[in-house]
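Novice: Here is what each chain is made of, one letter per residue.
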Amino acid sequence: MTRRLSLFNVTSLVLGFAFLYLPILLLVVYSFNASRLVTVWGGFSTQWYAAFFRNEALMDAAWVTFRIALLSASFATVLGTLAALALTRYGRFTGRTLFTGMVYAPMVMPEVITGLSLLLFFVAIDLDRGFLTVMLAHTTLTMCFVTVIVQARLMTLDRSLEEAAMDLGAPPLRTFFSVTLPLIAPSVVAGFLLAFTLSLDDLVIASFNTGPGATTLPIRIYSQVRLGLSPEINAASAILIGIVTLGVIVATLISKRSSLTPQRSEIH
Amino acid sequence: MGAVRRSFAPWADPTERPLIRFENVTKRFGDAVAVDRLSLDIFEREFFCLLGPSGCGKTTLMRMLAGFEQPSEGSITLADRDLAGVPPYRRPVNMMFQSYALFPHMNVERNIGFGLRQDGLPRAEIAARVDEMLRLVQLERLAKRYPSQLSGGQCQRVALARALAKRPKLLLLDEPLGALDKKLREETQFELMDLQHALGMTFVVVTHDQEEAMTMADRIAVMDHGRIVQVATPGEIYEQPKTRFIAEFVGDVNILEGRVRGQQDGLWQVESSSAHGPLTVDDADEVLQNGQAIAIAVRPEKMVIHRGEPPPDALNVLRGEVWDIGYLGDWTVYRIKLPSGAIVRVTRANRSRFVDNPIDWDEQVHVTFAPDAAVILAE
Chain A
1 MTRRLSLFNV TSLVLGFAFL YLPILLLVVY SFNASRLVTV WGGFSTQWYA
51 AFFRNEALMD AAWVTFRIAL LSASFATVLG TLAALALTRY GRFTGRTLFT
101 GMVYAPMVMP EVITGLSLLL FFVAIDLDRG FLTVMLAHTT LTMCFVTVIV
151 QARLMTLDRS LEEAAMDLGA PPLRTFFSVT LPLIAPSVVA GFLLAFTLSL
201 DDLVIASFNT GPGATTLPIR IYSQVRLGLS PEINAASAIL IGIVTLGVIV
251 ATLISKRSSL TPQRSEIH
Chain B
1 MGAVRRSFAP WADPTERPLI RFENVTKRFG DAVAVDRLSL DIFEREFFCL
51 LGPSGCGKTT LMRMLAGFEQ PSEGSITLAD RDLAGVPPYR RPVNMMFQSY
101 ALFPHMNVER NIGFGLRQDG LPRAEIAARV DEMLRLVQLE RLAKRYPSQL
151 SGGQCQRVAL ARALAKRPKL LLLDEPLGAL DKKLREETQF ELMDLQHALG
201 MTFVVVTHDQ EEAMTMADRI AVMDHGRIVQ VATPGEIYEQ PKTRFIAEFV
251 GDVNILEGRV RGQQDGLWQV ESSSAHGPLT VDDADEVLQN GQAIAIAVRP
301 EKMVIHRGEP PPDALNVLRG EVWDIGYLGD WTVYRIKLPS GAIVRVTRAN
351 RSRFVDNPID WDEQVHVTFA PDAAVILAE
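Which chain is which? The protein sequence lines are A and B, in order.
Residues in the first sequence are numbered consecutively from 1, following the working numbering.
Residues in the second sequence are numbered consecutively from 1, following the working numbering.
It cannot be assumed that every hint is accurate.
To be verified - One-sided and incomplete, this derived list gives chain A residues near chain B with beta-carbon spacing under 10 Å:
hint : residue
1    : G16
2    : A170
3    : P171
What the hints contain is simulated information worked out from the structure, not anything from laboratory work.
Cβ coordinates follow ideal geometry from the N, Cα and C atoms, glycine included.
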């Protein structure tokens, strides 16, 4: 890997990243704009951040979003880890391939369809749309990501570690908590962080399943933008971007480190 | 110790009750039969080896003892208790895994104490027992280390200490020395034997290494295709192999094929294309028909090379040409090509440091062996 980057490589890299990140960069830059006009630069200022923290409607939405993300990520982590365990540890039960496919499906399913079907389901069981429905919808959306991450770790985990624990007298549940869980913990945490950030920035599924009193930040931002751009929204978006970026980076680092840390028992 | 050892043969005593009894045990995985209608008794304080090539079913047999697999048919009893349906965590059996399976998130001390904590022993007792185990495997100084900070040999000791900590009735060892280098392996073999003797436990070891099995075991069960081919002491396995598979799997052997010509003074007369004249074999146990095709097995160290003419009273004489010489330090291996094209291996201990005029390549020699050096294997 000592090859130097050629001019062509550098150009395509720059163009590619510009294509991906220039709009976001622009948004972040304009969130520090002193001017009220969104597209005219009027000098550096943090006043819109202050305005965002004073704006009750936006702050309410942020608080709702945070609570939904925390709860749905927690549920998704528990359910996703259980699904990963079932898929990797209980042999070839009938329908295993089907289950594996079904767990992955929400990752590729168009969000509009997931959102719509969840809405129909909530209507059918007569559940009032609001905080609970958005939270449940986000659990459904993010669970599969947790499963994928935890499953990858479980597959590289030496099976005999769990057998050794049972052999030494630990029943299955205690084996899970004293051996399996500590060893897959980094992946579980990474899965949680990913689920949290996915819930944080989801607009489509949330707007299908939301109701009174459950306006999330992305929904609020979207509806305000339709009435006209405001620098306050830029500030809110920049903060959201910051949190999501941080979450994804930490999740990636954690799961990378745990897969790189060699397990002595797996080397032999 | 030697005297005690020599008289230890509970399998020969019909009044002795076995610790472990396999009765007609079959284990199927889908269509594949891993263990096939197998019956076996293992006695208390025995050092028992399951020996066989990979895929012979020895590991499955051990995993059924540990409780990780259930027999498809038949029963396994341990100290007169049927083990059917008893999960691994309720069996008085512990296992040392081939990969050692040390918990990477616990230090040496906590690894060793894991089983004791599951039993809910008082803290002080756990600490005392862990210390005892650390002393036993000479790892006192490494108690706080994590498995990733240990060498392979140290990991092996921790795994052993962890499995011994609960003082199980039966210790299972899955290829216990497989990951160690040769020198360390030999040392550890003797340590394991001393340990087993000192603790008075029953050890069942799975191995594919015949030398390991021969050194350590009181008895060896040689397995092939899910069945036990022979259960006997190392000496019997080596000197009286029942089948050609065992003769070839355990140690080196020369196989001479031939036909029975008759019996004379209790010795079998065999005609073989490999030999100059008829071969005489002293193996009274076999019941053979005239004309029956058989194989004669002779271990390389039981054959003698003669330069020039063989002694006139030699009964079994092969003639050949020195094809290859392999100097191993303690032994030299000669590969002698017979006129039939077959090659026999003869080993000779190097008793003196310098030999004038040593046996050379392409030299014409005679090879002889005594009638009782050979074993007849019915085809």
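Novice: Please go over all the hints and tell whether each is borne out by the structure.
Specialist: Going down the list of hints, with the structure as the test:
Taken as an interface hint, A/G16 does not check out: its beta carbon lies about 39 Å from the nearest beta carbon of chain B, beyond 10 Å. The interface hint given for A/A170 is met, as the beta carbon of that residue sits about 5 Å from the closest beta carbon of chain B, less than 10 Å. Annotation: interface hint on A/P171 holds; nearest CB of chain B at approximately 5 Å, less than 10 Å.
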